[in-house]
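Please assemble the complex out of the two chains, which come individually in their own frames, going by the hints.
Chains A and B supply the protein sequences, listed in that same order.
Going by this note's numbering, the first residue of the first sequence is number 2, and it counts up by one from there.
Going by this note's numbering, the first residue of the second sequence is number 611, and it counts up by one from there.
If you are wondering where the hints come from, they were derived from the structure by calculation, not from laboratory data.
The reader is advised that the hints may include incorrect statements.
If you want a taste of the chain B side facing chain A, the calculated C-beta under 7 Å gives, among others [as the list claims (entries may be wrong)]:
1) Ser952
2) Gln955
3) Pro991
4) Lys1003
5) Met1004
6) Ala1007
7) Leu1008
8) Lys1011
9) Gly1013
Over 12 Å on every C-beta distance to chain A, these chain B residues come out as not near it, computed from the model [claimed, not checked]:
10) Phe612
11) Ala734
12) Thr959
13) Arg1017
14) Gly1327
15) Arg1356
Every residue gets a Cβ at the ideal spot worked out from N, C-alpha and C, and that includes glycine.
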Amino acid sequence: MDLENQRRIKDLTAKFGAENLIVVLGGAEAEASGLAAETVTAGDPTFAGPLAGVQLGLSVYHIFELKEQVDAKAYDEQISMMEMVLDVDAIIAEVSTMRNSYSKYGK
Amino acid sequence: MFPVIKGAAYTLFHAPNMLIGHGTTQVQERQKNADSDYLKKIPSFLRSFDACVSYPPNQSFIGTIAPRELDMLPKPWFQNPLPEAARFAPMGEVMPEDELYGVMKLCDSFELVLLTPEFAAATAAKLATHPAFVGADLSKLKQVSDHETISKLVGDHVAEPLMLGDNLVGCVRRAHDSDLSLTAHIIYENIVAMASAVVTVRNLMLKSGLNPLDVDYIIECSEEACGDMNQRGGGNFAKAIGEVVGFVNATGSDTRGFCAAPAHAMVTAAALVKAGIYKNVVVVAGGATAKLGMNGKDHVQKQMPILEDVLGGFAIWVAENDGINPIIRTDVVGRHSIGSGSSPQAVMTAIVTDPLDRSNIKLAEVDVYGVEMQNPEVTVPAGAGNVPEANYKMIAALGVKRGELERADIGKFVSKHGLPGFAPTQGHIPSGVPVIGHARQEMLAGQIKRAMIIGKGSLFLARMTNLFDGVSFVMEQNPGLSTPTTAVLHTTRIGITLLGSEHGLAEIVRGAEQAARFNPELEVVLIGPRVDSSLRQVVADCESTQHEAMEKMLASGELQACVTMHYSFPIGVATVGRVTTPARGREMFIATTTGTAATDRTLAMVKNAIAGLAAAKASGIQNPTLGILNVDSARTVERHLHTLAENGYPITFAESVRQDGGCVMRGNDLLVGAPDVMVTDTLTGNVLMKVFSAYSTGGDYEALGYGYGPGVGEGYGRVVLILSRASGAPVVAGAIKYAGDLAKGRLLAVAAAEFSAANKAGLAALFNKSAEAASTAIADITPPAAKPVTEEIAGIDILDLEDAVREVWRAGIFAGTGMGCTGPVIQTAAEDYAAAFAILAKAGYVKA
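Chain B with its partners taken away, still in its complex shape (with noise of 0.2 Å):
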């Protein structure tokens, strides 16, 4: 039986400071000139934590989006920072340098990381609400120094110091008095591999549930070397690392090969655990602070900013086949071996071909290729190419060579099984590693079968060989064990809030329950107190904390949505309602039933539109179709979504049923379910959600449908959903349904980019112009004189009747005002009936 992987965790360090201290460049370029002009520029060329953490790429490394969807984002991704960013993502986080310090400290065996005592208690308190540090041993950040020791050893250069801005919080000093090997700056660098690959197995303990107890071995494969004068290199960074986070059953050891490193320790992992020597293997490695800011001077010279400033980390679990995740193909290995050769294509044919002749896999039979993933908005302006984009080339160009495809189709090849860079340069981080977390994700979802991931590495450069290195490895979708198991595959993870409901608190069980069963890729986790359930839960003993604990598990991603019920929105956002309706069991989406999209009415209804198309694009009706319900300001409402759909916001109106159609939406509407969207004002959406829900009951107990839906709102970022208190089991059931599908659909991004697409329509101009417009009223004119009135111009608002048969009288036309059988209207002699029309189109009463 193959091993498989069974969880990957990615994380990156936002380290402004490390970079002008410590990069190899800034080094450099301060002992040649330490007034040099590129050192005077960098700090106007470096990006805020939070610029870093909205920084595409960056988002994708650490899984909040695939790879492939950056090829989709506008460039450069510098300028262009992703909406739904958020520092805790799906594999991992972004951590900010303070904290990176204070792990440091925690890594600290033999008081070489002093910190002051202020900067300690603040990290400390940081860490304590870290959720992948939730119940580590922070007290070595209580053991501290004070600022004069530490000004005096860094001023002595006998320590390196830890910087926050201009601020000095720290130092890292020498661990010997003359061994080169133990300076402050080899102690530094050491100690910040050590802990930001500490940060990274707590990650990957997190989201993949990972018992420390359980593993047996760790494999360090970062490009750093720890060791004292008569051992450089010596190791052993991977016990370090296991000490710190409690693998108190396992003993590790580092593995070294450059950029080809992890590649080889993943080789190495499989082996061990193929051979049964251990179960469970962690292959991790920490980031370079040599590498930050490496190709600096060509971005500040290109006037963009300093992409060089994170460090990079991941962590790999490989264990025993479970039948479930993706396994580790220990029979398709390829190797560059001693006499492979050095040119391109004897290392491709190496390290690619022939390992998949072996097992007669054809190239196009790899769906995705993982190769060097270096970002090319870092790398092109340094002059270095494209990385990913020249490997997938050549190993299309190997495939013409062999025959297996011809040289025309080589550049769609590389797009159908080659992705973006999406790494930080951070050397062995890129190398293939990054898309086994992603190909991992895609296999489980059975979105893809078969990757090859592979790693290379330029041994040159340590003067040793010419020869250069590669090594590549086959993972696959687990085809299942033959013996049935009991475990389940879930790709989304959704909660549910227990107290509140009239119903009592079985009922959301029962709810819960069923939507596990009925959905067996949702993993549903119950939040609040203890209940006989085999869902996993997390307790909470009253609404409040119920809510908070929702709040935190979304933030750190572990939670991808949550139901709950009697939960407060701000200003901006409504809920989104679902349901099936009546006539022809077709599904229909209300927008909104909750919640307040804007004060003013119009307004509201117009965002409520823009809500209810992004929940049913989201929930996957890729073009939904949009009615607007009609109640007072309906014909204002349409009037300005037509305005924007004029003006490029894509909107498809729906039809209705009666004979005179139009997108208004009569009641026969709403029983047909005749738009996939209905918009109406929020009090009027939640009336509906009732009857729509409760009508086969009898009133009290609401047990069809999917729910009163997710909050949507302009940068809104929380997948919650709402429940009355009056839902029963199988609306709970829907509710956890509606979440998986918006989980899964990804609605934050599909929010983000329809509210964004509407400002760019015009929503708010629109708005200020009906302002302008009700500011110059015309109350005053008065009537010309009557006569018989025969023809009806229907289609405005009521709200505005009165004002509109103003402006027909101010042109000396006589009108009246009625009801007609859609609404109101304004009724004219057949003479004055063109001209009318002009001018209440004119004015923007009717549409042209």
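Looking at chain A on its own, in the form it has when it is part of the complex (with noise of 0.2 Å):
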């Protein structure tokens, strides 16, 4: 996850606390959206960014898994297209371990 999202997402958490927090990723690779999910829960792990040490714990979802709670028809618009293109099995995977490992909220 680039820096400047880190920097971000860490003075949103200060900012409204963390429980009130939910991240929904939109990440189009398994592996890189579960580096974002582990940046957002359990710390950056490449040790470069703002959340470097940082667990914040944060509830984390790719949009994939959000299916059900957005607007059919906006999901229909802006995600049924990429849904068909990507592995959205491998992407839920990786971004449901980080979840249920690190995230301390609305798993």
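This is the structure we're talking about:
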């Protein structure tokens, strides 16, 4: 996860509280999505950004996991095409593993 | 009338020293930690120039092979070099780093590029023989500096070094002492972008025949910015490039838009020509040093060579409609507008389906899509996935959503309408444009009708907007002009040398003109003294200069094949003739007719068989049948070929037309043309060629068939076909047609594959074994008591007959020798036949 986004998440957490924040990922690939999920829960695994060593334990989902929560029309317009293209199962497996291991809120 | 794409050139520049010195990844690493492990490891992960040239995706980029062929080659590509690879290819070249440094000096108007005297002289000599720099002004390479000045400038950090390994051969110095837009680093990047564009435009002129005086406008579309502190990015690369290549009647401008810039530039060029503002517009971009080795850390970590060791360039000629070249459909242009939305779906809809819908074209009616063509071998190890494949899947998924295809057919759509990635990761270079050249050639050859070229750009990188960008256009086969045109469509260029015939120059020219008339897809080029002919001519005054010109044009890719006479091939190369047999008019390949495949007779004939199969396959016969002419060694050759076939080298043996059949061929089979490929020793083959070519004329004038054919041998890299001094015009025409078939059938690739398959099947081992067998000869064995012999064992080579019979004696069996009706035989008593046969089969004298 790039350093700028790490900083923004850190700031938002400080402002609103970790229990009030849900991170929604839109990564196109399982490994990268898993790394992002790890960064906002257990801390930046590359130890390069503001979240290095910071275990926010945020609630984190990939948008594919929230299909039922999203307006069907909006999902169809924005997401449904990529749902056919990407390896949805692998992405969900990776993100949910991170969430189940490190999230402290809203699992 | 729509504008057309009249030419396209693509270049690569092998740049390992630039990678180390100026790739952003390496520069940043050095700033953080100059002693880092990664920096230390880089040199051992860099490729040689030859490895870079023979890398299959690179050869596809410059046009040696179609991108689709990459899918059929073994992976990883970096471990499987392309056998027929060459620096100069049909659409461009791979240039080594030293020559690029030289061209940087040619681009230098402000004495910013300093070269050492020795390096400048050596590079000037190299560029003087470069086919794309014929006639270029190289005088700037005489303005040299000295080692001391260059070392001091580099040491003072006011110049960027030009390195070749450990040698400092020059530098690029800053253009101002305090202006941050004119630092040595920026000037270096900009001059590299300019020089690589210059080389690419010169290749475009060479390959397409573009006259520099005809160009009205240049659009440069790279990702660099030139200007000073008061106008950073002010421009104008286009005009600077045009000046160096001699476009004296042109002006130009730079178009920017990240990776989408080339597509924007193509649409702009098409619009300018369509509107009639300009007649000939060149769209060009050179390479980006910053992106060299961008994913180097991942490649090193994965123990693979750093594949991002090349700069890329392309140049496209957009011109008024000529009725021949593919058109740009200016009415089918896609654009991602500011209000389109940034989801992948919104982007693909705006760029791909919206323009097609406006013209009622279905997704599947576009034969091929040119998307971001990044080579997956570079991006996958870096975790960026297979970029073109992801794009093709998105187009297919959009088709599913629109009900144009079934979800289960996404994979099928991707393989039918997509291509494997073959372009270097140079940002703007892979973005759609690499497909233009291949699509153009396939449209000219009638293989495809329509292509969509898509460019996409990530604008957020400039931190000015978070918007995405994308532009597309459609190119189509030219439906022709309503008024007839005199121009001719050529897809393959074949040379013919004129001097040397016993029938005189005019005879050869007559044959060449006949070939050009009968084969409109071939452009025939005459090489020799100037003659009165409408064909293109390259002047050469004697036989040796003819051959020099021929070799140079073959090496540069200007000719795909050449027909000549009295030309020497190295040992290992022999020619495969092609005749029309008299009994049924069947074509037959005679392998071989001149040259020497090997000094050992049997090995030579086995290699002749492989060469013959290669020539037949390249001529379009998918599964040629093979027969062995019943000359000395035929039976041994038959046995060896069967062993190769059993070991996995596929051979389909022909059947003799005579009642007893078999693949050893008799005189009757020659006249009937029983096999597609007739294997013989070269001298016999040569006699046969003359008989087949001249029997209808009484002798001294060869009037029939296709001549003595191409020299084929393992590792031989040219397609040169041989005529006899007695060959008449019809054979000249036949040979040119044969050359065209072989060029289109990619003889060099086919031959490389055949030899490789035969080697895998144990070709070399076969001959080591026969040498051993010969060394343990059995001359001392004496015959057992004689008895009447009534049975015959055939299939033994005459040269082996005496050894074979002693082998039978050794087992206590009496046997005699004789000549049966198909050749030599061993005779035994009826009760001994089975045992004797088993002994001979075990010893390898006959086939079990």
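Structure-based check of each hint:
no.	hint	in the structure
1	Ser952	violated (10 Å)
2	Gln955	holds (4 Å)
3	Pro991	violated (12 Å)
4	Lys1003	holds (4 Å)
5	Met1004	holds (5 Å)
6	Ala1007	holds (4 Å)
7	Leu1008	holds (6 Å)
8	Lys1011	holds (6 Å)
9	Gly1013	violated (13 Å)
10	Phe612	holds (31 Å)
11	Ala734	holds (47 Å)
12	Thr959	violated (9 Å)
13	Arg1017	violated (7 Å)
14	Gly1327	holds (42 Å)
15	Arg1356	holds (35 Å)
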